[in-house]
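Here the protein sequences line up with chains A and B, keeping their order. Sequential numbering of the first sequence, starting at 1, is according to my numbering. Sequential numbering of the second sequence, starting at 1, is according to my numbering.
By construction, these hints were calculated from the structure, which means they are not laboratory data. Take the hints with a grain of salt, since some may be wrong.
Computed footprint of chain B on chain A; a stretch qualifies when at least three of its residues, placed anywhere within it, have a C-beta under 8 Å from a C-beta of chain B [stated by the list, open to error]: (1) 132 to 138; (2) 160 to 166; (3) 261 to 270.
In the DSS-like style, the derived pairs of lysine-lysine whose C-alpha atoms are separated by at most 27 Å in a straight line are [as the list claims (entries may be wrong)]: (4) Lys-87(B) to Lys-428(A); (5) Lys-19(B) to Lys-428(A); (6) Lys-85(B) to Lys-57(A); (7) Lys-34(B) to Lys-186(A); (8) Lys-147(A) to Lys-100(A); (9) Lys-19(B) to Lys-87(B); (10) Lys-19(B) to Lys-369(A); (11) Lys-147(A) to Lys-19(B); (12) Lys-19(B) to Lys-186(A); (13) Lys-3(B) to Lys-53(A); (14) Lys-34(B) to Lys-51(A); (15) Lys-53(A) to Lys-85(B); (16) Lys-100(A) to Lys-110(A); (17) Lys-186(A) to Lys-428(A).
C-beta atoms are modelled at their ideal positions from N, C-alpha and C, and glycine is treated no differently.
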Amino acid sequence: MPFRDNREYIEALEKAGEVVRVAQEVDWDLEAGAIIRRSYELKLPAPFFQKIKGYPKGFRMFGGPLANFRRLAIAMDMPADSHPGAILDEYHKRAQHPIKPVIVKDGPCKENVRIGDQVDLYELPAPMVHDGDGGRYISTWHFVLTKDMDSDWVNWGMYRQMIHNSRDMGGLFLPTQDIGVMYYRKYEANNIPMPFATAIGPDPISALASCASYGVGRNEADLAGGIRRAPVELIKCETSDILVPAHAEIIIEGEVLPYKRVDEGPFGEYTGYRSSPRMPRPVYRVKAITFRNDPILTVANMGVPLDDADICLSVCGRTDIKTILDNYGFPITGIHLPPECSGHMIVVAVQAKYTNIASHIANAIWGTKLPYPYIVVVDSDVDPYNITEVLHAIVTKCHPVRGIRAQEFAVGHPLLPFLSLEERMWGKGAAVLLDCTWPLDWPKEIAIPRKASFKEIYPKEIQEKVLNNWKNYGYK
Amino acid sequence: MPKEYDTFVDDLSTLPEGKELILAIRDLAPGNRKYDTRVVKAILASSANKLPEGDILWLRYQRGSLRPEPWRIKIIDEREGLLLKEKVYDT
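The shape of chain B in the complex, shown without the other chains:
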């Protein structure tokens, strides 16, 4: 059974397929640690055909709505801590 994760994204061009990238994902495995944030180096694909050995990666828009079709993710390694971002504005 593939594992399931999700991530938040509006602009799909920020998730290039087939290239290694660092991203924050939430672990959707049932249990008390569900939704734990993990920072991983991974390869993504927009369909199962392109990454058959990958796990499931659900995509949510930045305001939370779920995109209907999941992507695939192959985690290469995991990073300690959180994925720090540039400060945009104090909100």
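Next comes chain A alone, as it looks inside the complex:
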């Protein structure tokens, strides 16, 4: 059965040894963030803070909700120790069968309601996640819901939100992102405020689905239903017609104002760096806040891998790209976005059927709206989930000149650390293909080196003999 909410999920994680309840009072000002970050870096269970300094009893914080594949397997109701490839394949399979949400009249997210002058963002224990951040980021494991101006399309996306003051938040969203399409090209272009709602602490699959690049006109709520194998329950906002997850911990409602820009950021981001400059960015004006009794504010402390962002990018990005490449009929044998690479690298394994197929694949990927700076195409004998095999293919099969194809004028964004400050500000990107396939015009038995692995450099009969006698040699 899918988890109805964040609380059922935490309970399941706890049973699987993936949660530590922190009874000691913790400061929202850097201390909680530091604990969450250290838990990632030491690969430890997710901290569930029971007492936040200065906040009423019952106001809690949960860090690192989806920071490893084990938590992802549990979230998807699969055996906890499933192989990452099996989890990703299952996600992809379920994504093909979206389920529409259902509307309910009552839900726990309405247990406490603050409207108009009652609104005070400081009522919630928003963390100062990293030292040097531009403010308290209340929204790091959440999604922002916005409805298209002239259709029924409702976008969910995990776009960061920073508190400016008791009623205003700032955020970064790019013109290539779905929220950017809605805001910059439609609402703002017509000088109309864009209604929004933010769901903090939703069920884990809804949060994950919100990270997908699901496409213009397609609702991530349907995707979430498909992955959960049950519809998401939605309830109407207090101040707009937007429908929000009824079981989310906290809902923030309001409008993004047209042509208003206020300095936002910097923030320690998914790339592992605090790279984006503080810049004038859109403003979310808050009109209402609703929350559950004893709310749990969920926190993803993005930084160096592995953390929640790396897992989400790995899962959602893979299905986004696999769908496109499958539609083109490429002879793909595997795709992986290694979470160690912060969503910046795609490894595609292929049966190289024609010359320059690697370039063909790379161009198809670069034609999507997400800027993947590194694409690695390997032959089908390389397991894309095995980072050792991938690195070996790069350094042995990719010609240092002919195998590397640079894409100079790619779309960039301000979070890419390798870009200059000017390039980050103006979205001037770059990308590269590492072609690790053997050229088809090399004679197989003469020019292509034989891989010196157990499976490939010994005759079948020797392999069988060795395998049959393995225990006799003293190995277990």
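Place chain B on chain A using the hints.
For chain B alone, coordinates are given in the frame of chain A:
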């Protein structure tokens, strides 16, 4: 005890000393409203000697790193709302 604030700046020439200017600062007073943004008209100085009655103003670079020596700030009055900026690019 002087109060403490901070602001983000790369180019110090945008913070002329001894002149009234409007800027956004974050209130660093401990408590649940720490880091609240305030828009103020104020006079700044790069050292305590130049503005002995001023409060402390820490300066951070635009990417968050803290400059080692704080400035001083004397708040003249406070403005409602946020400090609006020119749109640079949609990021």
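Item to check | Hints violated by the structure (numbers, ascending) | outcome: 5, 6, 7, 10, 11, 12, 15
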